[in-house]
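Asks: These are the residues of each chain, in order.
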Amino acid sequence: MTTHTAAPAPAPVATPTPALSGPELRAIALRHGLTVSGARPSLPVYVRRLWSRRHFIGAFATARLTAQYSQARLGQLWQVATPLLNAAVYYVIFGVLMNVQRDIPDYVPFLITGVFVWTFTAQSITAGTRAISGNLGLVRALHFPRASLPIALALQQLQQLAFSLGALAVILFCFGEFPTWNWLLAVPALALQTLFNIGLALVMARIAAGTPDVATLMPFVLRTWMYVSGVMWSIHHLEVTSRLPHAVLTLLQCNPAAVYIDLMRLALVESFTADQLPPHVWTLALGWALLLSVGGFIYFWQAEETYGRG
Amino acid sequence: MAERTPTVVADGVHITYTVQGGRAAKGGATSALGRIAARRAAPGARTVHAVKGVSFAAYKGEAIGLIGSNGSGKSTLLKGIAGLLPTSEGRIYTQGRPSLLGVNAALMGDLSGERNVVLGGLAMGMSRAQIRRRYQEIVDFSGINDKGDFISLPMRTYSSGMGARLRFSIAAAKSHDVLLIDEALATGDAAFRRRSKQRIEELRAQAGTVFLVSHSNSAITDTCDRALWLEAGTLRMDGPAAEVVEAYQSFTGKK
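Chains as they are written, first to last, in the working numbering: chain A, -7 to 302; chain B, 62 to 316.
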């Protein structure tokens, strides 16, 4: 190697003449099949790399879930206690104080199913907004498809929901609802909602990576969304009793959060029947899931090389 | 002379990055909204031009030290080679995928050491089977279990030295095409430093090319055969480690 010492400062340091000139360097690099580092992989390559990291995604989600309550005295018991406390608060306010339950049969199962299913979507979105900004260290230190992070965080929420559903089953027994074949409908409903949530987490991760302010705004958006999604009241009941224009009602019914919540109620709550659902509800659920998961994934991938920079 | 195989080629590389909130933004909320709408950069954001036109070619079997005073752009250049920071001008060509020895970020203090070994390995792209095969080796190398069963305790209960040892052991468990090490040699006690130096030698033998950033001149001359001296983002000197370190020492001594 050649040695070249530049004149000491403060004289303008001449760019050291490299041993090889620019075109020569490029020629060497290309001749030996070197590739430009940090370029965005094509979509198929990206999907393949993501798939090869599936164990990391799973381990990351579980690790986050376990780490969450590891310093609490009651430990993992909080996984079940937190959603139950949440449901209790909503029950006191909406069931007892505002007495929504006189209009809805089986109000407690109705409400708790709504709260748990909504929490899954809401938490996935919140986690998605922090997927990149909250893991900058990881993004800046290691190579992996960045989509692993929002996906892992949404899966963490799914695991959390599994605990909640365990608690829900116990509550349903207490209110005289016993497992029927209908409960199996919960599986496709949950699968579609998971796809939808993952897509939304990916979208939010990209938006919040560019504009961190979104994370501050999200709680307000989410609260509004929750109130229009029929978590603690019945959209069907509104349809029967109110004089709202048809378009507004249709919009309320097509809201993806409402669709997934009501499908879960259809599966688990006996008095909640299919006639309370809008027509083509499964098509709607599938459409939202595909739109968000495919669209969200592509949207996230398009900015892959920019995450964690600047 | 037969042409050697290059592993990293940097061709006139410039790296700049934006720092948000370096200065207080002027104007109120409305002007901030206007800026977002017009997609202009906030006045609080500043661009730092960290690497200014660096060119070099690194070949298989080389261990290259990066030296220079604080803030001269060494770590930024390393991240550029790893593909973690984009070049604003010029290109960096690499063989395979250079990896930064930086598994720290993937580990979680609330989890036990053993779960962190698995999590860190997966984060680096190892398979579960690979981790199972190397698990005992990693734990033995870190020396965490020398004084009792510490590996099953949460990592937050480790002393800083123990934590650093386990992190290095996990990071060094994988073999890499091009390995980038940023000040990793300074962790742990004397016995561990000796072991990690040996491990770096092994990694270098497998890796092809090792880049090492260090402020310890002796670490550079001991482990590296070639050195790049960066000052204020430009490459001042590129040559045999001993010569470059000597020139660097006389430069810093003069100041």
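Just so you know, the hints here were simulated from the structure itself, not pulled from any lab data.
Glycine included, every Cβ here is placed at the ideal spot set by N, Cα and C.
A couple of the hints might just be wrong.
[Stated by the list, open to error] For lysine to aspartate or glutamate, the following DMTMM-like pairs were computed, each having C-alpha atoms within a straight-line distance of at most 25 Å:
(1) B:K258 <-> B:D171
(2) B:K113 <-> A:D98
(3) B:K208 <-> B:D171
(4) B:K113 <-> B:E292
(5) B:K121 <-> B:D283
(6) B:K208 <-> B:D238
(7) B:K113 <-> A:E297
(8) B:K121 <-> A:E16
(9) B:K235 <-> B:E175
[Stated by the list, open to error] Output of the computed footprint for chain A on chain B, the stretches with three or more beta carbons under 8 Å from beta carbons of chain A:
(10) 121 to 130
(11) 136 to 149
(12) 181 to 193
Asks: None of the hints should be skipped; say for each whether it holds.
Replies: Hint check:
With a C-alpha separation of about 29 Å, the suggested pair K258 (chain B) and D171 (chain B) falls outside the 25 Å cut-off, and the hint is violated. As the CA atoms of K113 (chain B) and D98 (chain A) are separated by approximately 69 Å, the hinted pair breaks the 25 Å bound. For the suggested pair K208 (chain B) and D171 (chain B), the alpha carbons sit about 21 Å apart, so the restraint of at most 25 Å is met. Between K113 (chain B) and E292 (chain B), the direct Cα distance comes to roughly 10 Å. Compliance with the 25 Å bound is thereby established for this hinted pair.
The straight-line distance between the Cα atoms of K121 (chain B) and D283 (chain B) is roughly 18 Å, inside the 25 Å bound, and the hint therefore holds. Among the hinted pairs, K208 (chain B) with D238 (chain B) is inconsistent with the structure: their alpha-carbon atoms are about 35 Å apart, more than 25 Å. Taking the CA atoms of K113 (chain B) and E297 (chain A), the gap is near 21 Å; set against the 25 Å cutoff, the hint holds. This hinted pair checks out: K121 (chain B) and E16 (chain A) have alpha carbons roughly 18 Å apart, not beyond 25 Å.
For the hint linking K235 (chain B) to E175 (chain B), the alpha-carbon distance of about 17 Å falls within 25 Å, and the restraint holds. For a cut-off of 8 Å, the count of residues in the segment 121 to 130 of chain B with a CB near a CB of chain A stands at 0, and the three-residue condition is violated. Residues of the segment 136 to 149 of chain B lying with their CB closer than 8 Å to a CB of chain A number 9, which satisfies the three-residue condition for coverage. Coverage of the segment 181 to 193 of chain B by chain A holds in this model, with 6 residues showing a Cβ closer than 8 Å to a Cβ of that chain against a need of three.
Violated hints, in rising order: 1, 2, 6, 10; the structure is consistent with all others.
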